[in-house]
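Engineer: Sequence:
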Amino acid sequence: MLTAFAVEDPSFSLTIDHRHIVRVRVHGGLSPAIMARFWPAFAPAIAESRRGRGHGKVMVDRRGAPTPTPDTVAMVRAGMAIHYAPDDRLAIVVDSTPLKAQIRQQYALKHREAFLSRDAALAWLENN
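Under the numbering used here, the residue at position 40 of the sequence shown is numbered 40, and the numbers go up by one with no gaps.
Think of the hints as simulated: they come from the structure by calculation, not from any bench.
Just to be clear, a hint being listed does not mean it is correct.
Claimed, not checked - With a Cα cut of at most 16 Å, we get these calculated EDC-like pairs of lysine to aspartate or glutamate:
no.	residue 1	residue 2
1	Lys110	Asp95
2	Lys100	Asp87
3	Lys100	Asp61
Stated by the list, open to error - What follows is a list of derived Cβ distance ranges for each label pair:
no.	residue 1	residue 2	range
4	Pro70	Asn127	21 to 27 Å
5	Gly29	Ala78	14 to 20 Å
6	Ala43	Asp17	15 to 21 Å
7	Pro32	Glu126	15 to 21 Å
8	Trp124	Ala85	31 to 37 Å
All C-beta atoms in this analysis are idealised placements derived from N, C-alpha and C, irrespective of residue type, glycine included.
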C-alpha cells in the first residue's frame, strides 16, 4: 500500500506516484545548503519506493536548473553514496544532450540514465 508522501521546499519538491516512483523537481539552482535539506527529506521517499518495488525508482527533473558548482556536485555524490542502493534506478531529466553526457560522467550509479523528456525517463523507470 502506498503511503501519501509529499515534500515542498522552496528549492525542490518530492512526491511518490502510484507506481512508487519518487519524483523530484528542482526549482532553480542547488547548493550545499539545499542538499543538506534535501537528503533528509529524500531518505523516507526512497525507502517507500523500495517497499513498493523491491528497489528504489527516482526521477529527478532538473530542467531549467543551472549547472551545479563542484561543491554541490560533491554533496550530491556523497548523498547518493549513502542513500542509493545498488539496485535502485535513477532517471535524470535535463535540458540538453551535452548535459546528458555530463550527468553520465558525474554520477556513476549502476542503474542511472539521463533523458531530455519526462515521458522517456518514466518509461525507462517503468521498464527497468
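Engineer: Against each hint, give a clear statement of whether it holds in the structure.
Structural biologist: Now the hints, each set against the structure:
{"no.": "1", "hint": "Lys110 x Asp95", "verdict": "violated, 22 Å"}
{"no.": "2", "hint": "Lys100 x Asp87", "verdict": "violated, 21 Å"}
{"no.": "3", "hint": "Lys100 x Asp61", "verdict": "holds, 12 Å"}
{"no.": "4", "hint": "Pro70 x Asn127: 21 to 27 Å", "verdict": "violated, 34 Å"}
{"no.": "5", "hint": "Gly29 x Ala78: 14 to 20 Å", "verdict": "holds, 18 Å"}
{"no.": "6", "hint": "Ala43 x Asp17: 15 to 21 Å", "verdict": "holds, 18 Å"}
{"no.": "7", "hint": "Pro32 x Glu126: 15 to 21 Å", "verdict": "violated, 33 Å"}
{"no.": "8", "hint": "Trp124 x Ala85: 31 to 37 Å", "verdict": "violated, 18 Å"}
The earlier numbered hints that this structure contradicts are 1, 2, 4, 7 and 8.
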